[in-house]
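Visitor: In case you want the letters, here they are:
There are 2 protein chains.
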Amino acid sequence: MERIRLPVLRRVAICGGTHGNEMTGVYLVPELERQQKEKGDAARIIPLTFVVSNPRAVKECKRYIEKDLNRCFTSATLSSPITDETPYEVQRAQELNSLLGPKGSEDAVEIICDLHNTTANMGLTIISYSHKNWICLHIFKHLKDKITNVPVRLVLLNIPLSEAYSLESVSKYGISLEVGPQPQGVVRADIFNIMKQGVDAILDWTETFNSGKVIEGGEIEAYLIQKSMDYPRNPKTGKPSAAVHPQLQDQDYCLLQRGDPVFLTFSGETLSYEEEEPLHPLFINEAAYYEKGIAFHLAHKKTLSIPSIQAETD
Amino acid sequence: MERIRLPVLRRVAICGGTHGNEMTGVYLVPELERQQKEKGDAARIIPLTFVVSNPRAVKECKRYIEKDLNRCFTSATLSSPITDETPYEVQRAQELNSLLGPKGSEDAVEIICDLHNTTANMGLTIISYSHKNWICLHIFKHLKDKITNVPVRLVLLNIPLSEAYSLESVSKYGISLEVGPQPQGVVRADIFNIMKQGVDAILDWTETFNSGKVIEGGEIEAYLIQKSMDYPRNPKTGKPSAAVHPQLQDQDYCLLQRGDPVFLTFSGETLSYEEEEPLHPLFINEAAYYEKGIAFHLAHKKTLSIPSIQAETD
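In order, the protein sequence lines correspond to chains A and B.
Going by the numbering used here, the residue at position 104 of the first sequence is 104; the numbering climbs one at a time, nothing skipped.
Going by the numbering used here, the residue at position 123 of the second sequence is 123; the numbering climbs one at a time, nothing skipped.
One or more of the hints may lead you astray.
Because identical chains cannot be distinguished in the list, a pair is counted as satisfied if it fits within a single copy or across any two copies.
Capping the alpha-carbon separation at 35 Å, the derived lysine-lysine pairs in DSBU-like fashion look like this [said to hold, decoys possible]:
| id | residue 1 | residue 2 |
| --- | --- | --- |
| 1 | K302 | K67 |
| 2 | K227 | K37 |
| 3 | K236 | K196 |
| 4 | K146 | K239 |
| 5 | K39 | K67 |
| 6 | K292 | K37 |
| 7 | K292 | K67 |
| 8 | K213 | K62 |
| 9 | K239 | K39 |
| 10 | K213 | K236 |
| 11 | K302 | K39 |
| 12 | K292 | K213 |
| 13 | K301 | K132 |
| 14 | K236 | K39 |
| 15 | K132 | K146 |
| 16 | K239 | K196 |
| 17 | K213 | K39 |
| 18 | K301 | K37 |
| 19 | K59 | K302 |
| 20 | K59 | K292 |
| 21 | K239 | K67 |
Worth flagging that the hints you see were computed from the coordinates, not collected in a lab.
Between the sequences and the hints, there should be enough to build the whole structure, so can you do that?
Guide: Structure below.
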C-alpha cells in the first residue's frame with residue numbers, strides 16, 4: 001500500500017463538559033490545563049486549546065440547558081440566525097465554531113478531542129466520522145496498541161460533514177472519546193485514569209506524527225452503526241415497559257444472534273432479538289438515550305486497511 | 001428474652017419517585033399497582049397504598065425541582081405555613097403527610113416502604129430510624145434470611161422522630177430501601193428484580209405477622225452512622241480536587257483502617273484514611289451527595305438483640 005503524505009498538525013483542542021453531567025472531561029480538562037501551565041510552553045510542540053464546552057450545563061450538572069449541544073454542529077444550525085428565542089446551546093455552538101473552526105474551513109483546528117462518558121459498559125471507545133480519515137484511524141490504532149488495561153474500540157459514523165452534528169466535526173480530524181460505565185454526575189478515579197491515558201496517548205502520537213516519522217499502516221476493526229432499538233413502550237403512557245435483559249446489560253460489543261434475550265418486561269417476560277442478521281449492540285442502557293428513544297445501537301464489525309502516513313515536514 | 005405484643009398492621013404504603021431520577025421505584029410502583037389490580041382486592045389482606053412521591057421531579061427525571069423532598073418531613077417543615085414562595089417539595093411533603101400521616105399520630109399508616117437507588121455499591125440496604133423499632137428490625141431480619149443473591153444490610157439513624165427528615169418517618173414503622181449501584185436516570189433489570197424481591201418479602205412478612213404467628217427474635221447487625229467525609233476541594237473553586245480512590249470505590253461496608261487509601265487527587269496523589277478508629281464507609285461516591293459535601297458516610301457496626309414479637313390479633 002502506498003504511503004500518504006499529510007500536512008503537519010498545527011493546533012489541537014481538548015474539550016470537556018460538552019455534556020455537563022459527564023464528569024470525567026469536566027475534571028480532566030482543567031487538570032490538563034493546569035499541568036500544561038506548570039510545565040510551561042516548551043512542554044508540547046503543538047499548541048493546545050482547552051475548552052469547557054457547555055459551562056452553564058456543567059454548573060447545573062445537567063446534560064444540557066435547552067438543547068443537546070452535541071447535536072448543534074450541523075452546517076444548518078451553525079449558520080442559523082441568532083434571535084432572542086435561539087436556545088443557549090445553539091449560540092454556544094456558534095461561539096465554539098468561531099473559536100475552533102469555522103467548520104470545513106482551512107482555519108479549523110486539526111484535531112478536536114471531545115471527552116464524553118456513558119453509563120454503558122463501553123470501555124474506551126473512539127467515535128469518528130468517515131472511514132477515510134487516516135489521522136483518526138491511526139490515532140485509534142495507536143490507542144489500541146498502547147492501552148491494554150481496558151478494551152479500546154472504534155465506532156465510525158458515515159455522515160457527510162455538513163450533516164455531522166457533534167462538536168468534533170468542527171475540526172479537520174475530530175475524535176470523540178467515550179469512557180464508561182460511569183453514572184452521570186459522578187467522577188470515578190478508574191474512568192478518569194483511562195481517559196487521561198487516552199488523551200496523553202493521542203498527544204504523544206500527534207508529536208510523533210509531526211516529527212516526520214513514517215507511521216506504518218495496517219488493519220483495524222471498526223463498528224459501523226446500522227440502526228437503533230428503542231425500549232418496548234406502554235402504548236398509553238409512552239414509557240418503557242421493559243428494561244434491558246440482565247443477560248444483555250453490560251455486554252456492549254457482544255454479537256447478538258436471533259433468539260438471544262434483549263429485554264425483560266417489568267412483569268417478568270423475556271423478549272428476544274428478532275433481527276435476521278447478527279449485529280453488535282452498543283451504548284446499551286445509556287441514561288441520556290431514554291429521551292431519544294434508544295435502548296441501544298446495533299452495528300456491523302468491519303476490518304479496514306489503513307495506509308502508512310507521514311507528515312509533510314519539508 | 002420476653003415476647004412483645006404489638007398492634008396488627010392496618011395499612012402499608014409503597015412509595016417510589018421520592019427522588020425523581022431513581023428509576024427503580026418510578027417503574028416498580030406502577031407495576032405493583034397494576035399487578036394488585038389484576039389480582040383483585042382479595043390478593044392482599046392488608047390494604048396497600050401506592051404513591052409516586054414527587055411526580056414533577058419524575059417527569060423531569062431530576063432528583064427534585066426546588067428542594068430535596070426527602071429532607072422535608074421534619075415536624076417543623078410539615079407545619080410551616082404555605083405561601084407563594086414555598087418550594088414545591090414542601091407543599092408536596094405536606095400533601096403526603098395528609099395522605100399517609102399525620103406524622104406521629106395514631107392515624108398514620110403503619111409502614112411506609114420508600115424505594116430509593118444509589119450510584120454506590122450498596123447492595124440492598126434497609127435504612128430505618130431507632131434501634132428499638134421492632135417491626136423494622138424484624139423486617140430486616142426477614143429480608144436478610146430470604147434474600148441471598150445480594151448482600152442485605154441495615155443502617156440505623158438515631159434521630160428523634162420530630163427531626164427525622166425523610167418520607168418514611170411519617171409512618172409508624174418507616175423503611176427506606178436503597179438498592180445500588182444504579183446510575184441516575186437508568187433502570188437496570190437486575191436492580192429492579194432485587195427491589196421487587198425486597199418489597200414482596202416485606203409484604204409477605206406483614207401478612208405472617210398479622211396472622212398472629214409468633215415471630216422469633218435473635219441477633220442482627222446494624223450500621224450506625226458516625227460522621228461524613230467530604231471530598232478534598234480546591235480552596236479557590238470549591239470543586240473536588242480528588243476522586244474516591246480506586247481501591248475504595250465500590251467497597252461499601254468494608255472496614256477502613258488508618259493508612260488505607262481513600263482519595264486519589266486529579267494530579268495523581270493518594271490520600272489516606274487518617275481516623276484513629278476503624279469505621280465502615282457507605283454511600284461511597286453517591287452522585288446526589290456531591291452537592292451535599294459528602295464523599296461517603298462512616299459507620300460503626302453493632303450487634304443488636306431483638307425480642308420475639310406477636311401481633312395482638314385477639
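Visitor: Now tell me, hint by hint, if it's right for this structure.
Guide: Hint check results:
no.	hint	verdict
1	K302 / K67	within (33 Å within a copy, 50 Å between copies)
2	K227 / K37	neither (44 Å within a copy, 38 Å between copies)
3	K236 / K196	between (45 Å within a copy, 23 Å between copies)
4	K146 / K239	between (43 Å within a copy, 32 Å between copies)
5	K39 / K67	neither (37 Å within a copy, 44 Å between copies)
6	K292 / K37	between (40 Å within a copy, 31 Å between copies)
7	K292 / K67	both (12 Å within a copy, 27 Å between copies)
8	K213 / K62	neither (43 Å within a copy, 51 Å between copies)
9	K239 / K39	between (51 Å within a copy, 23 Å between copies)
10	K213 / K236	neither (62 Å within a copy, 43 Å between copies)
11	K302 / K39	neither (41 Å within a copy, 51 Å between copies)
12	K292 / K213	neither (44 Å within a copy, 51 Å between copies)
13	K301 / K132	within (16 Å within a copy, 60 Å between copies)
14	K236 / K39	between (59 Å within a copy, 21 Å between copies)
15	K132 / K146	within (22 Å within a copy, 57 Å between copies)
16	K239 / K196	between (37 Å within a copy, 19 Å between copies)
17	K213 / K39	within (25 Å within a copy, 73 Å between copies)
18	K301 / K37	neither (41 Å within a copy, 47 Å between copies)
19	K59 / K302	neither (40 Å within a copy, 40 Å between copies)
20	K59 / K292	both (23 Å within a copy, 15 Å between copies)
21	K239 / K67	both (21 Å within a copy, 26 Å between copies)
Violated hints, in rising order: 2, 5, 8, 10, 11, 12, 18 and 19; the structure is consistent with all others.
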